[in-house]
Amino acid sequence: MTLTAREQTELLKRADEIGLQLTEEHWGMIEFALAYHRRHGTTCNLRTLVREGGYDKKETYRLFPGNPIKRICYLTGLPMPPEC
Amino acid sequence: MAGTRPDDERTNLRHAPTEGRYPSHVRELVASKFPIAMYEAGLADGTPAWGHGGFLLLDDLAAGVTYRASRRPDLVSESVLVRVLAPVGGWFSADLLDRMADAADQHGEGLIHLTTGGTIEIYVPRENVMPLVAALNDCGLDVGSTGDDLRGVTACCGPARCDCAIVDATGLATAIGRQFMDEQQYPGFPHKCKTAVAGCANDCIRAVMQKDHTFVGVYRDLPRLDQERLREWIAGGGEMDALMAACPGAAIRFDGQEAVIDGDRCARCMVCINRSPAFRPGRERGVAWVVGGKYGCRGPAGPMVGTVLIPFIPVVDGDYSQVADVFARFLEVWSEHGGIKERVGDFIVRYGTDNILREMGLDPEGGC
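Top line first, the protein sequences correspond to chains A and B.
Numbered continuously in my numbering, the first sequence closes out at residue 84.
Numbered continuously in my numbering, the second sequence closes out at residue 368.
Bound-form chain B, shown alone (with noise of 0.2 Å):
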């Protein structure tokens, strides 16, 4: 961010809780170089007071920067920023941090902001974009997921810290991101176009509610079910009752020994395996595919969730070619018949499932 910071505005924030124990991000932003004249400029005003948003297009960057416009030129004129693309699960060692935290310190602004989509930003003075991205390549870092280009995938923490994950959902996230690299750095797409891996239908990331593209690690045969360990767990305290009326599909019957599912009533959700360490996934995984998400107001459509386009695909042993394949055909097709600022979900409300498979050469009533 360039311009000025006067040091007597920063400390102004009338309304912002800055003292005692809790967090405040008013220190952290006061602490950073960040303009908070800017801040509170727009809280006095009662309208922010930075303005749209855009990219700066850069030789050097094909999928450019991210800026801001700033309505106070007199506080700042503009505020730019590059996007990481991120180990998945927001997983970061201490020194990986470190020197991340260096290099904003050194090139940026001092300030790295957390999104809500799951992605990192560093804010940063357009004239040190460059030396600020040499930096986080020596970190083992990279940039893009500006524009309209295949935005960084995102993932839930998946099986190396959660005990439901059905799927590696980092590993599926990191497998798409490597082989989608020039599709994260290079724009050409009707738009942007985001995609997370969940590793279960908890989906604890929201990702069909955000995301154009998400996977969700799924389960094709019912859940296994230890009558042992359900016996021990009612006599633990465990509500046979209040899971069985949880299930939404009425598919579990009790006698009071042993449990039963049935096939045709369960809906291969997480509700049960959620409840009880009786039930856990079926073994027969991979992932169900859903299309569309988007929150915010903008397409025709407005806000989406998500609709399953392949409901399942099969994941055997880290082998996540089938995945690409099918997410590789989709883009072709997404470029191909996709309008102009056209989101997945806006394209496919217009164009259809039913043609969408087709068009990626697959039958819409065979699936994948």
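Chain A on its own, in the form it takes in the complex (with noise of 0.2 Å):
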């Protein structure tokens, strides 16, 4: 886990906010996403986050329902990627 206590706090706080409850699924998602960022400087988008982190497209949306990487970047704090 990269995240501070802090960091890891507000991000569960926002996920409440939006009625998801975080399993390991979804911090394995975020972790990829936040070490995508780290490395490049931008925001992975879905076929990153699926080609690169080896998820299964059906299965990010069923974990991130809606807009995956928009989920991510609100629970992150992280920007969007330019496409979206």
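Derived by calculation from the structure, the hints in this document are not laboratory data.
Values in this document were obtained by computation on a predicted structure and should not be read as measured data.
Beta carbons: idealized from backbone N, C-alpha and C, even for Gly.
Hints may be right or wrong, so weigh each one.
[As the list claims (entries may be wrong)] Which chain B residues face chain A? A few, computed with CB under 10 Å, are given here:
1. S32
2. D59
3. A62
4. P187
Could you fit the two chains together into a complex? Lean on the hints.
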């Protein structure tokens, strides 16, 4: 986990606001998005999350309903990728 | 569509034909809950009253739904529509149409739009989207085809109704639709991706001009020629000279009794088959895969007629596995290398068909 305890608390609060109960699977994708942003300076898009993270596209929609990347950006505070 | 629909503005379309026996779109719109005032406002202003389009994200519907913004919020706030994954080929029983109409009446705006792209859209207030989807599911239909996903697969009527069909267009389109159902409901491609199947090279649905992917029924051997029937056709007034002149490869010779087709010159098109019942398609059948068709002015390459990516993929006894296999490989390559909002046509122009075929694990010289 690369987030500080305070960041985690803030993230959990935001998840609660949008009715998400975060599981280990959620945290895996969140960690991937944060690591990608650290490496590239941009937020990954859905295709990158699925391809490089090795996640199933349908599963990302199940975990983060609506727009998975938008949800992850909301939770983490990362900027939306330019195409979204 | 939410918002007000002033009844006094419904009958005020000065230039729209509403009287007489000819069908009138205005009569249909007025008979529904369509905000006809928006139509009229657009005509009066010289600019449509609708604004840009987009997608509404919904937690329970990964593909979301399409909406169109309003330039006249005093008339309506927006227009939301659900796109139906309908039976291909446009085949609907009266019963299914009835039930779909009931769903549109009960939850939607009482209006169904048969689009020029061959899909079906039902207008619905955003708060009624999920009840409408549930009602459509009860009819055996599903929804999707919105956003950067595989759009609903369309087809010509195929051999269910047409004498020219070389492959079962509806059968292949249904097989693709079923195999790639998730791709139609969970966006994740660089851009939208339209797909259609044309039963023969006549391509009555004009798919190669409109669709990112078109599978066209083709034959690889020569047209079958029935000499006796040819003589009967000529005796009945058939114009052999005109037929030979129409052949794009000048492949047909006729000595007054029998015709011969030059296999080196024959383009395996449908011209002789369309003109005379003595010519029938060959028996070695499959599909040609045409990629990159798109109309409209979007994308750097502009409007494009599709390019043949693979000239022949065999289809034997309804086995579509080879088609599905190469299609899946292409979608992978496009997902991997396609740019942001890059349609397939622009992708093949930038990336090159040879490179695409290599990435798909195929030999650009050898085909499938």
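Interface hint check: P187(B), Cβ to nearest Cβ on chain A, cutoff 10 Å. Holds or violated?
Because about 8 Å separates P187(B) from the closest Cβ in chain A, which is inside the 10 Å limit, the hint holds.
Identify whether the interface hint at S32(B) stands, where standing means a beta carbon of chain A within less than 10 Å of its own.
violated (29 Å)
Identify whether the interface hint at A62(B) stands, where standing means a beta carbon of chain A within less than 10 Å of its own.
A62(B) check passes; min Cβ-Cβ to chain A is 4 Å, inside 10 Å.
Proposed interface contact between D59(B) and chain A, which counts if any beta carbon pair is under 10 Å:
holds (4 Å)
Violated hint: 1 only; the structure is consistent with all others.
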